[in-house]
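Undergrad: Below, each chain spelled out in residue letters.
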Amino acid sequence: MGALHTSVPRWPAEIPAVDPAGRAVALLAFGAAGKRLLTAWRAAVPERTPVWSHVVDRADDDSLGLLARQVAEARVGWRLMLAGPEVDVLAARSVAIGLGVLDAEIRMVVTGAARKRVFCPHCRGTTETAAPVAAEVPCAGCGRRLHVYGHVSRRLGAYLGFMADAEEVA
Amino acid sequence: MTTALPGTAERVARFPFPFAADTYRYSTNVEPARRTVPTAAGSWGDRVLDVDAAYAAELELRREVLQRDPTRCSQLPHMRVAAWDALMTLLPELAATYPGAMSLQQRGDRWLWRNDLIGSSTSFVPGDEDSLPGGPLRLLGSQIQEDVVLLDQREGSLWADAGLVTFAADWSMGFDVGMRFLEVHGPVPRVHEAGVVQRAEQFLMRLQPGEQYRRTNWTMTVDRRLDSSTETYPEWGRDRRLVVDDPALPDRLHLRVEVQHLLRLGVSNAVCFLIRTYLLPLRELATVPEWRRRFAAVLAELPDDMADYKGLTLYRGAAVDWLTAG
Amino acid sequence: MTAVLSAPPAAATEEGGLLLTVAGVEEAAPGIRTVTLRRPGGGLLPAYPPGSHLVLSCGDRRNAYSLTGDGMAAPEYRISVLLCPDGDGGSAFVHALQVGDAVVAAGPRSAFAPVSTARHHLLVAGGIGVTPMLSHARAAARWGRSFELFYGHRPGAGAHRAELADVCGPRLRAFEQAAGLLDALGAALADQPMGTHVYVCGPAPLMAFVEETAAGLGWPGDRVHAERFSAADLDPGEPFVARLARSGGRVPVPAGVSLLAALEAAGVAVPSMCRQGVCGECRLTVTAGRPLHRDLYLSPPEHASGDAVMCCVSRSLDDELELDL
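Protein chains in written order, with the working numbering: chain A, 1 to 170; chain B, 171 to 496; chain C, 497 to 821.
Everything labelled a hint here was simulated from the structure, so no lab data went into it.
Keep in mind that a hint or two might mislead.
Distance condition first, Cα-Cα at most 20 angstroms in a straight line; then the derived SDA-like pairs of lysine to any residue [as the list claims (entries may be wrong)]:
(1) Lys480(B) / Trp388(B)
(2) Lys35(A) / Arg58(A)
(3) Lys480(B) / Thr193(B)
(4) Lys480(B) / Arg195(B)
(5) Lys480(B) / Thr6(A)
(6) Lys480(B) / Phe373(B)
(7) Lys480(B) / Val427(B)
(8) Lys480(B) / His147(A)
(9) Lys480(B) / Ala166(A)
(10) Lys480(B) / Gly150(A)
(11) Lys35(A) / Val109(A)
(12) Lys35(A) / Tyr149(A)
(13) Lys35(A) / Ala114(A)
(14) Lys480(B) / Pro404(B)
(15) Lys480(B) / Tyr149(A)
Chain A with its partners taken away, still in its complex shape (with noise of 0.2 angstroms):
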């Protein structure tokens, strides 16, 4: 991934393509845009190597925990494509990298980014919101206005967002 330099994923613009050096592949999509990417990724799979394939509604308890069970019965060699949804997208990767996968071993494709996870530091709770960077958000914890901000957590997979009015004077 280019553009290390900012918290912010940049996706890339083109498809990744399936890594020819994985050994065994696991294909996870979010959603019916992320379904039409799996197909054409599980067909460009080499013949003999085995994918572990799933297409689920969105990153929840129950898809994220399919996908640990996955990570924890896998042999290094294995690689991790995800399409779908950039907070779901950023939910997985965030699961995955927690039980020990490497970014060199997960290749994304995001189908939208308008949804994402705001993460308010005042209260600690998270927000799903529709709102981009830069715009302001009730907090569904604390009822605070916040601004999301450029900055992203890949262990949250969530936006910053922080007060937006805390300037302002009563």
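With the hints as your guide, set chains B and C onto chain A.
TA: Same frame as chain A, now just chains B and C:
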């Protein structure tokens, strides 16, 4: 507030005034640790860990902050060795710097730490989490005024994977933990185009066991508020506006200087980043004519994007006016 | 025991390096000498990450040797050195050391540390390449890391076998035949849980086997860590010419002569220390031409950018290499 604070004379004499010229830009401004720097008012820099008259008050403040928000101490599981390494490097460092008041002694597997300055003593077995409730970083943070970040080195990068930071200048350790070094600095303007952060990371990755360097950074803070973290921004944000028309501006506005030490820990190979925060109100800064003139020049010249990132935009005009009016 | 620390155990090394005394000399295996070094007045030596080198002044040159301890600050350093009759004289110097001799060393240099996020550490040693692995195994045991060690050596010539058996228990798999080692390694590399990292040190063919087998099985480079223990392993290379951009000089570098040695012979002073591509001291800025990197010091991105060269081991891909000298 009745907490004993260092008197003006000591605060000014030991203040690490960071400006060597009338303009300021980000640079990879590292130099070897422990070298004394003379200033117009005194000197600083002969030690890595600095205990001053605010010692007990700042440790008590840190205890309160951690009690309210334990996420100020964040440690990913693989940083266990690094955390013990930091403790077992810095407690002896502290004892060596203040031998009359502190000591670390080994009795078999156990180590005894005694600190007469705050009347504390504790014992633990290095590497045994059960022997030290709260863990090594919490003990370390209860003995030094410095904040601590531990950087892991792997995959050709440094990673901010552990830290105890209660005195952050407008950032959040709890949010940033687990990021690459370059990601942590993502929001800082200019430094990436200039390659400053990349060069700093390359430099840090080449530090050899036991090597110790330092740099300074600065911003401004309204009131003597060490905890100006993102977490507490709702509490202090409006002061940036309120201070502008406050007649007490020269007493409320502080130049905030961080002396940051960069130590390669021997056992774990982690880079230990120590951040010590010094706050000096403009009125005290102005008692040194050279500092008054120079800081006014730096503030007036600072490009808008840098001033904005540092949160100075609302009040820097007022600060320059006061500094140049004298 | 009661010990009071009077100085930080891991403080920066003294300017000019460490003055040490030989406190012990023993035969670790035929042709392999283990030397124990202490401070003349006693006291702790700086801690170091597993896999670190001690850069020892050996007469008129400095050689890097792997430290074999667990890396905790301790009163002594140990190195084990194989006598190489065809080497550059460093090993003969070490083998001639007697108890009581004084030696000068620079502080530990780390370029082969364990990866803290690894779920499992697969250690592979061949011959005298066991020295950094002994350090890794000791540290892994101390800190409770999951690991195993594959160790191949000549029959009867396994340095540190007994200590390794103590440290590793059933996690040690020793081999006296290369074929057995390679078969077992091939099987191990094919079946490691995600999160495993492999570390190898030994003769060039063993290193190549591990690197190529791992790559063939889909291991990404970030999981494979190789320590080339001797510059003697490097081939003599092709001749080339170093062009000095600032002074305008031209220095021919014949095959078998390092760029550093050629520059020195031509009277060009270059700071240097380990002469094995480890310490980072002899870095030069490249202004034109493509370096052939053979060092262990620069990072992969630095190798790729091609604007610096460690002149003690690296050479040139092109007929001419222009340096900022």
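Undergrad: For each hint, tell me whether it holds in the structure or not.
TA: Hints, verified against the model:
1. Lys480(B) / Trp388(B): Holds: Lys480(B) and Trp388(B) sit about 9 angstroms apart, inside 20 angstroms.
2. Lys35(A) / Arg58(A): holds (12 angstroms)
3. Lys480(B) / Thr193(B): With a Cα-Cα distance of about 15 angstroms, the restraint between Lys480(B) and Thr193(B) holds, given a limit of 20 angstroms.
4. Lys480(B) / Arg195(B): Roughly 12 angstroms separates the two Cα atoms, so the pair holds.
5. Lys480(B) / Thr6(A): It holds: about 18 angstroms lies between the C-alpha atoms, which stays within 20 angstroms.
6. Lys480(B) / Phe373(B): Not OK: Lys480(B) and Phe373(B) at ~25 angstroms, beyond 20 angstroms, violated.
7. Lys480(B) / Val427(B): holds (12 angstroms)
8. Lys480(B) / His147(A): holds (17 angstroms)
9. Lys480(B) / Ala166(A): Within the cut-off at roughly 15 angstroms; holds.
10. Lys480(B) / Gly150(A): holds (16 angstroms)
11. Lys35(A) / Val109(A): Between Lys35(A) and Val109(A) the Cα gap is close to 12 angstroms, so the pair holds against 20 angstroms.
12. Lys35(A) / Tyr149(A): violated (30 angstroms)
13. Lys35(A) / Ala114(A): Within the cut-off at roughly 18 angstroms; holds.
14. Lys480(B) / Pro404(B): holds (17 angstroms)
15. Lys480(B) / Tyr149(A): It holds: about 15 angstroms lies between the C-alpha atoms, which stays within 20 angstroms.
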